[in-house]
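Residue numbers (the working numbering), protein chains in the order written: chain A, 1 to 285; chain B, 1 to 296; chain C, 1 to 295; chain D, 1 to 271.
Simulated from the structure, these hints should not be mistaken for lab results. The beta-carbon is built from N, C-alpha and C at its ideal position, and this holds for glycine as well. Don't take every hint at face value.
Simulated DEER-style distance windows between Cβ atoms [claimed, not checked]:
#, chain 1, residue 1, chain 2, residue 2, range
1, A, 4, B, 277, 32 to 40 Å
2, C, 183, B, 19, 47 to 55 Å
3, D, 214, B, 41, 45 to 53 Å
4, C, 158, B, 133, 51 to 59 Å
Which stretches of chain A does chain B cover? Using the computed rule of at least three CB atoms under 8 Å from a CB of chain B, they are [claimed, not checked]:
#, segment
5, 50-64
6, 93-107
Below 16 Å or equal to it, Euclidean Cα-Cα: the simulated EDC-like pairs (lysine to aspartate or glutamate) are [claimed, not checked]:
#, chain 1, residue 1, chain 2, residue 2
7, D, 126, D, 170
8, B, 102, A, 10
9, D, 27, D, 247
10, D, 271, D, 220
11, D, 208, B, 253
12, D, 44, B, 40
13, C, 238, C, 179
14, D, 25, D, 250
15, D, 132, D, 170
Below are the chains, spelled out letter by letter.
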Amino acid sequence: MRFDRNRIADVTFGASALVTGLAVAAIFGFLFLFALPVFTGGQGLSILSGVWNPGRGQFGILPMLAASLCVALSALALGWPLALGLCCGIRGFLPRPVGRLLLMLLRGMTAFPTVVYGFAAIFLLVPIMREGLGRGSGLSWATAGLVLSLVILPTMALVMDAGMRQTERRLRLTGAALGFTREQTLTHLVLPACRKNLLAAAALGFGRAIGDTLIPLMLAGNAPQWPSAAWDSIRTLTAHIGLVLATDSNSAAYGSVFVAGCLLLLVNVTVQLCLRSLLRTGETA
Amino acid sequence: MSRPATYFVRTAVWGAALIVPLALAALTGVLVTRGAGALDANLFFGGVPALQAMTGRIPVWDGIWPACAGTLSLLGLTMLLALGPGIGCGIYLATSTASRAKALLGFAVDLLAGIPSIVMGLFGFTMLLMLRRTIAPNAGASLLLAACCLALLVLPVLVSTTRAALESLPRQLHLTGAAMGLGKWQTLRHILLPSSARGILGGILLAAGRAAEDTAVIMLTGAVANAGLPAGVFSRFEALPFTIFYRSSQYRDALELEQGFATTLVLLVLSLSLLAGASKLQRTLEQRWQGIRDDD
Amino acid sequence: MMTDTMHTEHDSGATASPDMTSGTACSAECGSLSGDSALPQSVAARLCDLNVFFGKRQVLNGISFEAHNHAVTVLIGRSGSGKSTLLRTFNRLNECFAGCRTSGHAQVLLEGTLTDIHTSFPEPAALRTRVGMVFQTPDVLPVSIRRNMTLPLQHALGLTPPVIAVRVERALRDAGLWDEVCDRLDAPAETLSGGQQQRLCLARSLAMRPAMLLLDEPTASLDNVSSRTIEALLGQLKDRYPVIMVSHSLGQALRLADRLVLMGSGRILRCWDRQNGLPDMETLELMLEETACCE
Amino acid sequence: MIVCLTMAMTLSVSLASAAPLDAFKGKQGTVDIAGGTAHIPVMKEAAKRIMTVNPDIRISIAGGGSGVGVQQVGEGLVQIGNTGRALSSDEVAKYGLVSFAFAIDGVAVVINPANGVNALTAAQVKDIYAGKITNWKELGGEDRAISLYTRDEASGTREVFAKKLLAKGDVAPSANVVPSNGAMKTAVAQDPGAIGYVGIGHIDSTVKAPTMDGMTPSQENAANGTYTITRKLYMNTKGEPAGVVKDFIDYVFTPEGAEIIRASGYIPVAK
């Protein structure tokens, strides 16, 4: 009886694992399959060129890739320090009641729907950005980056906090015994011990930022040009998919959607591989 | 030497502690001031008597009630699909011994976690086209398709939180269970899972939150502007996040815009109460397992 | 750490043992595994040529050994000598660690017969319900006091609530804890003091009505007074349950042991029985230091 | 919306005895509609009335743009695909689509109400969108940079605009792309330097439509032919429609349907 249950449990969990593995394989398989005709067809590699102008038969989506990377990196550059700041505040720099409030706020923020940020930002942030930057329409790289940094902040902060909480508990007494204040324990003992965790949080935040669709679609302006300034209207790969999936299924514009999907997958794989090798070098060091 | 570092961190801390709540307050402030006025029965039922609207006897066209119902059914179906494989896979990763298969699976889960939601929607869309060309020529975008794709989207959240929760338990706990004479499954069921319930429920919560708010996936797999109450898993449906996205761009007059704001408030309240409800559930379950009663 | 040279050192130590004291040889006669009536006390557990490996590392090396009923058997030795591993062979807990391999025979007296714990139990869990164990740090579950007691009774033994209630009270009384906790059974177990927690763990094992008790340095994390309470308890319990324990304190070992076993580098170096005289503290300390030199 | 509701109510009261909705009595079925965003108000109002009479008929309405309309109806994902442009012969041939034009809508250039410019020419608009004119002061307005707004590739409005006003001229890559008529209106209403284009049915007090080559963009002028930048709105089906789908299309062409079309800001067209 007990033996049977163990077997059943093993089989069930193994099967769940298999399902997950197969799903990942299917996603990659399907998208590459649908992207393939673009390369084998007449278009060839022109899809990976720098100009998007369907009216003239130019379907380059590289500007969108650049835009995706720019928006995600700027959101990360803004959101990561903020997340780190909040975590340090919660774990030692701020009075405990404030820390608890901030933690509650972060938990609440994870429940904040992305589309809510987008909706509120159209009417609040876009006019401010237009006047503040003094150029452009307010729908811009900067606007999308700002809001995205807020979107990815709670996820990053909670991942950091989970790691820091354990490390801090472990090192609290050690630090105190060395004569460190709570702040010093945090900056000199806890943070260095958590750097892998901080790195993982950054990777996670980057992944969410580059993968978000609604914020760029609603706030970045969607102009298919190379990003060159913060007030530029730009189009990310994700927004491109959302906008173009609507077109006629015969054209190369339609095919570019699947290429965009594949590019996003490749970025994802790259990030994961980099993260893994970084974490591994951290281990041996 | 230590002073600049501390100073830098302290600046970051105060900056973050001020900026983030302020930004959030500004955003919610806008939503509340502009949307609160439209929060009424008319927003939900669009002039149809509430009772008949809720039971679906009279279809609602100008209210968000069908979208609320759609989001809830989508959420339920998604979690139904994702919970088993998600937690099962997490347990597998946490309890099985190291092997090539396990390492590969771990990587696959990380990859899955990084897949953007619009790409997941795109996958659902291609799957639908494939189905129509092969075994199911009449398949259409539907609640089920959207739920499947959403389930895939939230799966890695479930897997990694379950795994992390189980792996962070002290090694001694496994030994305690074994020393008590509990079998592998019993130790898992009665000691390890309850001890890590907080973490796992946290993961479920996070997953539910993402499923409730995601727009990009359902945009491509079955959410529409008007469909009435969900009629079954094979029909199209309305959903709150999509309704918001739609209204933000399609409103025709000031009132519709105001209702758009009110709708975001409704979704916000729904998400937050999901959070509150889940943490309550978390506490209740934990207390039941612990058998702890407060005397006062 | 371990090299072949060290093995030889220990071998010489082991072979040198007969002339060190006149203690009883503790190795069981492997040829007569069916129980030897010639022995003064009945055998509660017996190991025969037991080897345990973790991966490529051999942790126990050809152990042959007997523990008796109505007696406390104390294992001493420096850390890494294999005494905890030896203790864990009796409930096959070593198998919970990755890469563990065991060879040789191990028997425990169950319902009057010496039973091979490997061949008679396809699932180790069933064995572990019969062989109770208490760890170094009190491993109370993060649940209420009552739940700590009832959880294994309910799920490992499948007992009914009335039976469980009786057993819980009985075991808590046996562990001398009943009077202290009877009015707060539903409070979190973590609110108990360290000594109380350890007695709760002991009670949890006793409630299973085990055939034998294993204790892995049960007082190492406790203060003096709490340690003495536990020691007194063990003195009372040994008549009902054969006890095998690992001790970190020579004083405690000398106070409690009916049979004292000195281990080093995965082997049994020496063995004494109380009726034949235990060594004194200085001798024991000296011998421990000698094993230290070898390691 | 209350206005809309009251209007709908008075309409339904005044037409309570009208026969058109009787066609749906006792029937059952599903109609999925997707495509052009300009069509949605008409589709929604028609669906609302039909389902109020007969809740057994389920009608779902999605936007997405004309491209989505063609594609989804062609693939059989929906029964009616709406387009704001005539189908290309390719599309008709590939999928075997049948088109029903039911309304005329004008496409008008819109600017922010605060903008002092009141008249534009097609040539100016072409230069603005090509990026040759970049400041309103070149057009007699105040000194403010022009922000360009255009629609996504799936938009029927964009096709009409590009064909009839830009004469297939280029749109500068820096132009913001918005996914719907409503989003266009929101953006232009907020941005004092904006120029964009919407269906005339969408024009209200939040945006301003300057005269185009002297023509005043209004539905009357579009109907009587004095405003020429117009398009037709189409419903498309795969093959001849049947069952409730046919009933739905027929209903749009009834006088009651025409009323709905007018109320949505378009000019009804006879079948």
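Next pair to validate is residue 27 of chain D with residue 247 of chain D; report whether the Cα-Cα distance is within 16 Å. Satisfied, since the Cα-Cα distance of roughly 10 Å is no more than 16 Å.
For the pair supplied as a hint, residue 208 of chain D and residue 253 of chain B, confirm whether the alpha-carbon distance does not exceed 16 Å. holds, 15 Å
Consistency of beta-carbon spacing, residue 19 of chain B to residue 183 of chain C, with hint 47 to 55 Å: holds, 52 Å
Within 16 Å, alpha carbon to alpha carbon, are residue 25 of chain D and residue 250 of chain D? Within the cut-off at roughly 14 Å; holds.
Can the suggested window of 32 to 40 Å be confirmed for the beta-carbon pair residue 4 of chain A and residue 277 of chain B? holds, 36 Å
Quickly compare the C-alpha distance for residue 238 of chain C and residue 179 of chain C to 16 Å and report which way the hint goes. violated, 22 Å
Per the hint of 51 to 59 Å, is the separation of the Cβ atoms of residue 158 of chain C and residue 133 of chain B within bounds? With Cβ atoms ~55 Å apart, the hint holds.
Is residue 132 of chain D close enough to residue 170 of chain D, meaning Cα to Cα at most 16 Å? holds, 11 Å
Per the hint of 45 to 53 Å, is the separation of the Cβ atoms of residue 214 of chain D and residue 41 of chain B within bounds? Since the Cβ atoms of residue 214 of chain D and residue 41 of chain B sit about 49 Å apart, the hinted range of 45 to 53 Å holds.
Count the residues of the segment 50-64 of chain A with a beta-carbon closer than 8 Å to any beta-carbon of chain B: does the count reach three? With 0 residues in contact (Cβ-Cβ under 8 Å with chain B), the coverage given for the segment 50-64 of chain A is violated.
Within 8 Å of chain B (C-beta), three or more residues of the segment 93-107 of chain A: holds (count 6)
Pairwise hint evaluation, residue 220 of chain D against residue 271 of chain D, where the allowed Cα distance is 16 Å at most: Cα-Cα ~20 Å, so violated.
The structure fails hints 5, 10, 12 and 13 (numbered hints given earlier, in ascending order).
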